[in-house]
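*Asks:* In the order they appear, the protein sequences are chains W and U. Take the first sequence: its letter number 36 is residue 36 in my numbering, and every next letter is one higher. Take the second sequence: its letter number 201 is residue 279 in my numbering, and every next letter is one higher.
Derived from the structure by calculation, the hints contain no laboratory data. Check before you lean on any hint, since a few could be wrong.
Derived DSSO-like pairs: lysine-lysine, alpha-carbon spacing no greater than 27 Å straight-line [as the list claims (entries may be wrong)]:
| id | chain 1 | residue 1 | chain 2 | residue 2 |
| --- | --- | --- | --- | --- |
| 1 | W | Lys76 | W | Lys12 |
| 2 | W | Lys76 | W | Lys35 |
| 3 | W | Lys12 | W | Lys58 |
| 4 | U | Lys382 | W | Lys12 |
| 5 | W | Lys35 | W | Lys58 |
| 6 | U | Lys382 | W | Lys35 |
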Amino acid sequence: MIIKILGSGCRKCVALGDNAKAAAATAGREAEIVKVTDFADIASYGVMSTPGLVIDEKLVSSGKVLTTAEIGEILKRL
Amino acid sequence: MIGDVFGWLNDQLLRMQWLADLVTLLLRDGFGLDTAGRIGGSIHFFIYDVIKIFILLGALIFGISYIQSYFPPERTRRILGGISGLPANILAALLGTVTPFCSCSSIPIFIGFTSAGLPVGITFSFLISSPLVDLASVILLASIFSWPIALAYVVVGLVIAVIGGTLLGWAGMDRYVESFVFRNPVVAHDGAEAALTRRQRLQFARDQVVDIVSRVWPYILIGVGIGAAIHNWIPQDLIAALLGQDKWWSVLLATLAGVPMYADIFGTLPIAEALVARGAGLGTALAFMMAVTALSLPSLILLKRVVRLPLLAAFTGIVTVGIIAIGYLFNAFGYLFV
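Chain W extracted, bound-state conformation (with noise of 0.2 Å):
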């Protein structure tokens, strides 16, 4: 599973990568964590704002840090 963070290194990315890391750790999914940081990627993505959560190259979420438990909530249903 590739999970990809779309933000430009604002301290709101790093948190939802932490955040990203640990749910799939705690989920006990093979996640590998991919940083998107230039503009053109992220907006590739349909994306206005960052922080955006892309799994597996679905958008799930944009514009907030997601919680260890949401992003869970979320791999649950993929």
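Following the hints, position chain U against chain W.
*Replies:* Relative to the frame of chain W, chain U by itself:
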């Protein structure tokens, strides 16, 4: 009677007269400093302004972010997609004041709006008003200057945004947008416009306070530091001679100095406050503030990646001319507000 109560509330809550008095008391009785003197005055300005701005900022951002949680960019884009012409420019400028915005998200928003088919002129009305007319900054302006000045600032800021965007649209600037922008998909994920619960909105508001304060505090300290220096160390005659409102070049000078600079409006306010207190024209100080917040080299360099030079130059030119015009207007009619 009601006027007295309102005046008292305004002085104590917004201007925080109690804080100014407290700092004076503390400096005089605790450290034996005369706040009318140079050193005491600088220290007083610094302590009072820093505390005041941080208190107001925290409270304001919390309240305003709560309102903003109703206007994510996705919703703003959908609202704007349904209308056209001048009403669209006006609405875009208004939405610019309530959509959560930081300069780091201007490019994704630009691409998101443009790829969804919004005309460039309308997108620019939004992008001009967003940094310029921030709801929090309006209340800070009211705190530092007065309500009429704050309201006049909002109106002229919106006018610049509407006229600027309209002119860019008329000039057919759409053709100078980099072509990759149009090729982006317009996708909205399921959760983008989902109704938030009150708890999520409160959470969002709290996160915004932490995020914004942790981002802007150095600018505030630097701004207040410069303000304190202007307030007590630079001779009043010099400021009046350079930036006094009877000097025809003052607005020009303040605007051109402000354009390349990058600072948050919260860091710029104390500088404007000190400039006005020391004899600069109100229009001159406001022009400086607008130039610093609306245009900056870093944001122009970012914009260059999505638009070509003619559009970038037209945008910079129109906003600069607008700010200069407003500076002269305020200098000419500013006496109405004081």
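*Asks:* Against each hint, give a clear statement of whether it holds in the structure.
*Replies:* Status of each hint after checking the structure:
no.	hint	result
1	W/Lys76 to W/Lys12	holds (23 Å)
2	W/Lys76 to W/Lys35	holds (22 Å)
3	W/Lys12 to W/Lys58	holds (20 Å)
4	U/Lys382 to W/Lys12	holds (25 Å)
5	W/Lys35 to W/Lys58	holds (15 Å)
6	U/Lys382 to W/Lys35	holds (23 Å)
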